[in-house]
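Enquirer: Required output: the full structure, derived from the provided sequences and hints.
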Amino acid sequence: MAANIIVYGLVASGVYALLAVGFSLIFGVARIVNLSHTAFYMLAAYLIYSLASAAGLNLYLSIIIAIVAVIAVGIFSYKFLIARVRQHEATTLIVTIALAVIIQEAILKGFGGQPRGVPKLILGSVDIFGVTVLNQQLLTLGVVVLLLLATWFFLMRTKSGVAIRATAQDRDVANLMGINVPRIEMLVMAMSVGLAAIAGALVAPLSVLTPGMWAHPLVMILAVVVLGGLGSIQGSLIGALILGFAENLVVFLAPSGAYLKTSVALTIMLIVILIKPEGLFGIVFEEERG
Amino acid sequence: MNLPAAYVTRALKLLRGEVFVLPSRTVLPLVGILLLVLPAISHEDYLLGVFIRAAIFAIFAASWDLLSGFTGQINFGHALFFGVAAYTAALLNLNLGLAPWATIPIGAIAAVAAGLVVGIPCLRLRGTYLAFATLAFPLILLGVVFAIPSISGGELGLQSIDPLSKSRVISYYIIIPSMIVLGFIMWKITDSNVGLIFHAIREDEVTARASGINTTRYKLLAFCLSGLFAGIAGGLYAHFLTRTGPSTLELLLSFQVIIWAVFGGIATIYGPIAGVLILYPLTEYVLTRYLSVLAEAKTLIFAFVVLLVLLFMPQGLITWLRDRTEKICPRCKLQNVGWRKKCRVCTAELD
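First to last, the protein sequences are chains W and S.
Numbering of the first sequence is given in our numbering, commencing with residue 1 and proceeding in unit increments.
Numbering of the second sequence is given in our numbering, commencing with residue 1 and proceeding in unit increments.
Misleading hints may appear alongside valid ones.
Stated by the list, open to error - Here are the simulated DSSO-like pairs of lysine-lysine, each with C-alpha atoms no more than 30 Å apart in a straight line:
id, chain 1, residue 1, chain 2, residue 2
1, S, K13, S, K298
2, W, K109, S, K298
3, S, K298, S, K188
4, W, K120, W, K79
5, W, K79, S, K298
As the list claims (entries may be wrong) - From the structure, some residues in chain S lie toward chain W, with a derived Cβ separation under 7 Å:
id, residue
6, A5
7, R124
8, A136
9, L139
10, I140
11, G143
12, A147
13, L251
14, F255
15, A303
16, V306
17, F312
18, P314
Calculated from the structure, these hints are not laboratory results.
Backbone N, C-alpha and C define an ideal beta-carbon position, used for all residues, glycine too.
Expert: In structure tokens form, the structure reads like this:
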């Protein structure tokens, strides 16, 4: 039981962390609340399904095609939809919700509502301390850790990363320092959607695909970024760990836990932000420039 | 001159001087009258049902606007108020046998209490944090609803609640006037000093507090008022449909109300009402009935319509129309028709 909780908790936390980091990045840099973030994750999963299972392509190839295609869709929707309305905060929310609904309905139209499955990348399982762990789960964890490290390295050690962090701190001054702010925002959008697409590719073999699969992760990553503090990468990571484990603890230990897992996770989030309104690692934004 | 005649002349003068001078004010009573005579034109039960539900959602969307549009406290979990009131009304009706005229107000009071429950902890939060925190409340309750199916009915919800009235037309004449009256009350609230303070809190909370306004109290007031109106909508919904279920608490409803309000134009009250009255019959009636669109495609079309309208009118449809047809006089700040050269009151040049 305890080992199960650890394995499933780690996998769930990893996926939430990947999604939340991407969501947090685009929020931190461009102040865009992208509610279609998990719709891109779902889109990637379904693209892999259609390429690999329906069209019979090689699985690795279809994963790469799917990720590239989703990044293209993300950049396209950023440039032509989100960027045009971003001064109006409420309108941005609605445009991203509408985008998510369009993706959901398009998938419903294309694939129908029935659950779909994607074959695993690597089969088999290993026994660790007497628990059977699927190799796919280990792969997921490995990729998540690698990607988070790569993102961290990119943000902290490369020139573009410094530019991204500078833009997040102060757009106007970053602009004055010669940073091409629109291009940085485009880059961050591509990164953010790319991370979502990879998360989709990692989740697809482990769960069933349905056109409504974007809603639950969306709620969870909103809770994760608030819990960890908006705009903070390590906050997102810690938040994802807390909520991923909380969910799985409830599922395995409480009666009718499958229903209550979201409630418990969200209650934890609420309690934390009531004690610490800016989240665990949140930066208290000074009055932002208009 | 006898008294009734004097009142009539005065009313006519008021109409000519204050109502017919602006297209927006002319359209408003026209829509009201059209809605009220609709049952005389069409007896189709389905059409009346669509408009009844549209009216209920119009109250709901306007109540979101009262809180989020005016005070700027973006509420992502507005379905909480709707769901709490719907479930309260349903449970009271089913278990205690109370009639709709009792359960709907009690449901609304329960929603006010929910407003306090959300409002008090959220006073410390601002902006995006507040939005995401409010999102949590209906979903937490939804989990509880699923976990205690013996009381809440679980996924199926509660069935066979007393209807508002046996006849569809009578239900129509209960709900449409309710919407008009409640909409008017909400508009009056936002037009009063309280509304001015709500505006001030949205624009700059620190300055509002520095001007001696107890912003905490007014934010709580906004949560409670919004909960009250949303709660009435929720109770009406449960009794009109004679059932209630988890869909009244779902994420989709919380998002839906924001879509309607933003589509119409926030911080106006009439914008969200118009947004619902346009979008809801469009997707539920016009598309399926006249354009023979399949039921599965209507959400897709709904999303596309919202997306396109907001891309070209980011402030919302009604706000966009208002800005095109009306100008504010630079001297006396009164609204004037867009094609006037001089202000209708102070004759200042309009630019």
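Enquirer: Measuring from the C-beta of S/A147 to each C-beta in chain W, is the shortest one below 7 Å?
Expert: For S/A147, the interface hint holds, since the closest Cβ of chain W sits about 5 Å away, which is under 7 Å.
Enquirer: Any CB of chain W closer than 7 Å to the CB of S/G143?
Expert: 3 Å, holds
Enquirer: Does S/F312 meet its interface restraint, that is, does its C-beta lie within less than 7 Å of any C-beta in chain W?
Expert: Since chain W brings no Cβ nearer than about 9 Å to S/F312, farther than 7 Å, the hint is violated.
Enquirer: When the nearest CB of chain W is found for S/A5, is that gap smaller than 7 Å?
Expert: Violated: closest Cβ of chain W sits about 49 Å from S/A5, beyond 7 Å.
Enquirer: Taking 7 Å as the limit, does the beta-carbon of S/A303 come near enough to a beta-carbon in chain W?
Expert: Result: holds, 4 Å to nearest chain W Cβ.
Enquirer: Have a go at the S/R124 hint: is there a Cβ in chain W nearer than 7 Å to its own Cβ?
Expert: S/R124 check passes; min Cβ-Cβ to chain W is 5 Å, inside 7 Å.
Enquirer: Sort out whether S/K298 lies within 30 Å of W/K109, counting only the CA atoms.
Expert: Holds, at about 11 Å.
Enquirer: Please verify that hint: S/V306, Cβ, nearest Cβ of chain W, below 7 Å or not.
Expert: 5 Å, holds
Enquirer: Closer than 7 Å between Cβ atoms is the bar; does S/F255 clear it against chain W? Give me holds or violated.
Expert: OK, holds: S/F255 within 7 Å of chain W, min 5 Å.
Enquirer: Sort out whether W/K79 lies within 30 Å of W/K120, counting only the CA atoms.
Expert: 34 Å, violated
Enquirer: Do the alpha carbons of S/K298 and S/K188 lie within 30 Å of each other, as the hint requires?
Expert: 35 Å, violated
Enquirer: Taking only the CA atoms, is the gap from W/K79 to S/K298 under or equal to 30 Å?
Expert: Holds, at about 26 Å.
Consistency with the previously given hints fails for numbers 1, 3, 4, 6 and 17, ordered from lowest to highest.
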